[in-house]
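Residue numbers (numbering that gives the first Met the number 0), protein chains in the order written: chain A, 0 to 605; chain B, 0 to 94.
Think of the hints as simulated: they come from the structure by calculation, not from any bench. You may find that some hints are simply not true.
To be verified - Listed next, the in silico DSS-like pairs over lysine-lysine satisfying Cα-Cα at most 30 Å (straight line): (1) A:Lys304 to A:Lys547; (2) A:Lys546 to A:Lys593; (3) A:Lys92 to B:Lys25; (4) B:Lys25 to A:Lys547.
Claimed, not checked - Ranges of calculated distance between the beta carbons of each label pair, as one might list FRET restraints: (5) B:Ile7 to A:Asp30: 23 to 33 Å; (6) B:Met13 to A:Leu2: 19 to 29 Å; (7) B:Leu21 to A:Asp30: 55 to 65 Å; (8) B:Leu21 to A:Ala119: 47 to 57 Å; (9) B:Leu21 to A:Leu2: 48 to 58 Å; (10) A:Asn89 to B:Ile7: 53 to 63 Å; (11) B:Leu21 to A:His55: 34 to 44 Å; (12) A:Ser112 to B:Leu21: 41 to 51 Å; (13) A:Arg139 to B:Leu21: 19 to 29 Å; (14) B:Met13 to A:Gly206: 27 to 37 Å.
All values reported here derive from a predicted model rather than from experimental measurement. Ideal Cβ positions, reconstructed from N, Cα and C, are used throughout, including at glycine.
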Amino acid sequence: MNLIAFFDLLATIGFGTAILAVFFMRRISFDIQSRSLLLLSLSVYFLVSISNVLEHGEITGYFDTYEDYLEILFTPFFLFFLFSVYAKLNHDKRLAAEGALRSALEKAESEHSKLDAILAAIGDGISIQDRNFKVLYQNRVHKELAGDHTGELCYVAYERRSEPCRGCPVEASFQDSRVHKAERTGKTDKGTLYVEITASPIINQRGEVYAGIEVVRDITKRKRMTEEILKAQKLESIGLLAGGIAHDFNNLLAAVLGNISLAKTYAASDDKVIAKLEAAEKASLRGRELTRQLLTFSRGGTPVKKVMNINRLVRESSTFSLSSANVKCVFALSDELWPVEVDPSQLSQVVNNLVINADQAMPEGGLINVGTENVLISPGDPILLDPGKYVRITFADQGHGIAADHLSRIFDPFYSTKAGGSGLGLATAFSIIKNHGGHITVESGPGSGAKIMVYLPAAEGPIEDFPAQEEEVFTGKGRILFMDDDAAVRKLAQDMLQHLGYNIVLASNGTEAVDIYLAAMEENNAFDAVILDLAVPGGMGGNEAGKKILTRNPAAKILVSSGYSNDSVMAYSQKYGFSGIIPKPYKIQEMSRKLYEILGNCPKSP
Amino acid sequence: MFQESEIINLCVIMIALVIVMLTIRKHEIPGFVLFYAGFCCILAASVFTLIEGVLWNELFNTLEHFSYGLAGVAFAAGCILLPGKEHKRRGKGAQ
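Chain A extracted, bound-state conformation (with noise of 0.2 Å):
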């Protein structure tokens, strides 16, 4: 075999080998049309060898005629060949960077999700801003507060301006790259929104801040609150005053009072007397009042609570308090109110002031709806109150309204917008309440009447009845140890006493009235009832002296009396062993009412 020979078998076998290959062997990862290139094309060739094979065993005519022809054919079809490979792998890169994109996309959607899950769990409002201030993302709570503005501008969508707004944290953010922080306003259905903004500054790899992050935060309700504890520190350092003024003054009062009403027994035929003489108790009722008034701005003002059904109550004050004829009080009591523990002079006090306000506010005439109803206060509530069971008295006008600058002023003390009015009305019913553990709301706008609504704590136990009030003076008999440090109030005590039918001694202060009342007892000539006055200055109070009285005598009867009713004695005088209460000024029915129903044996006067 010559070395040309060699040759041509050698290709012959190579491209045979190369067909073999691409046809048996499953690791050639071409596709059928790529395939079908390559055989063609090594055919090509296979077929040219076997030719010349065949041509040096003289083996001529198979394939010599169309050799040429053959070769030419090899290089296009190699060239699809190439081509077609190309073509596969190209598909196959952009099938493999397209589910790499998607694997990306599909990791940044969640991730997109889960930072999504967070901000809108996030009790703030987030909203981004890139640097011309379009927002380009507003979490849940953000779109609540302001809408939904995502690509538009905020200080048109938020302010309604045309340039952003003066003193804006996130325009100063993106020009110092530092937090800053503002408060701002806004009217909503709801009323004044009061939120707190914290913008901070989104920055990139090459340090330039190219968008903000702004932090909203609803303050409405710490504002409130802070008003509300400002409020009731203004009213602790004017209940201060008006609590010490209130004490001395009911001291003349007591005097006062209780000498018109014991002058009164005496004139008892002199109708001229009589009428002057009610005249002067009249103005020194309205004078308690006042102090009455005064005293529940007092750090106590503790009110004597019971427990009890206030519609009675609500119908009774209500209709007592109405001067003006062409007002009338319109009633929508609920039947299955809850009790409440209520002081019930307090809360008459509190009804009075409303009506009394309703009542001037409609100097035209007009209805005043007076409503209770049962509430639930829940955890999300607006209102300042804790949530639980409550009962909801109110109050609508249908007056000129208040306006809103006033609105938020209307329970300070001493504010009135009318004339000649004291200011203490409204004031003195928001203090009552708060003593209560309740509060008081009010709704108006000018033209639309205004709507007070009183809130009060639902109580468990049994219900008292409220007590009707009496004219009657009771007389009696026995012997009465009666301190005061005031020597008028001790003269008129002694007067009103004796015309009683009562023994009286009288002592200065706790230490007199304690050796006097244990002198009584060893000479075995005790007191009946010991009336003792709980504040003396420098000296010693009630209080003491009742205890000690008590520690010798445990059925003693006392009862104690104070024109300063921040005492908690005075609220719960029966825990610390005393009989009863009898609050200065008193009249002399009253001082008459107390003793009958300690000592009990008295017969009524006729």
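Following the hints, complete the assembly by docking chain B onto the known chain A.
Showing chain B alone in chain A's frame:
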């Protein structure tokens, strides 16, 4: 002297070579070196076929058939050694 088909074949292969070279520059296909080598051998065989008509007939004829033989070996090796899908997957899994 020269046969028409030989000249056409050479021209076609030369043009194809240019295309292949340009394509290789853009997209190199892994494992295709032996295919390119085989193609170059075919080109060389065509050139030798043309030359043998005018110069040293014996030598260039031998070289022509040598080139075909080499092309056959290159394509056979190329087809056998070309990494397949399964081979690739196994390689990836091992990593």
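Cross-check of the supplied hints:
{"no.": "1", "hint": "A:Lys304 to A:Lys547", "in the structure": "holds, 27 Å"}
{"no.": "2", "hint": "A:Lys546 to A:Lys593", "in the structure": "holds, 20 Å"}
{"no.": "3", "hint": "A:Lys92 to B:Lys25", "in the structure": "holds, 14 Å"}
{"no.": "4", "hint": "B:Lys25 to A:Lys547", "in the structure": "violated, 113 Å"}
{"no.": "5", "hint": "B:Ile7 to A:Asp30: 23 to 33 Å", "in the structure": "holds, 31 Å"}
{"no.": "6", "hint": "B:Met13 to A:Leu2: 19 to 29 Å", "in the structure": "holds, 27 Å"}
{"no.": "7", "hint": "B:Leu21 to A:Asp30: 55 to 65 Å", "in the structure": "violated, 23 Å"}
{"no.": "8", "hint": "B:Leu21 to A:Ala119: 47 to 57 Å", "in the structure": "holds, 56 Å"}
{"no.": "9", "hint": "B:Leu21 to A:Leu2: 48 to 58 Å", "in the structure": "violated, 36 Å"}
{"no.": "10", "hint": "A:Asn89 to B:Ile7: 53 to 63 Å", "in the structure": "violated, 31 Å"}
{"no.": "11", "hint": "B:Leu21 to A:His55: 34 to 44 Å", "in the structure": "holds, 39 Å"}
{"no.": "12", "hint": "A:Ser112 to B:Leu21: 41 to 51 Å", "in the structure": "holds, 47 Å"}
{"no.": "13", "hint": "A:Arg139 to B:Leu21: 19 to 29 Å", "in the structure": "violated, 58 Å"}
{"no.": "14", "hint": "B:Met13 to A:Gly206: 27 to 37 Å", "in the structure": "violated, 58 Å"}
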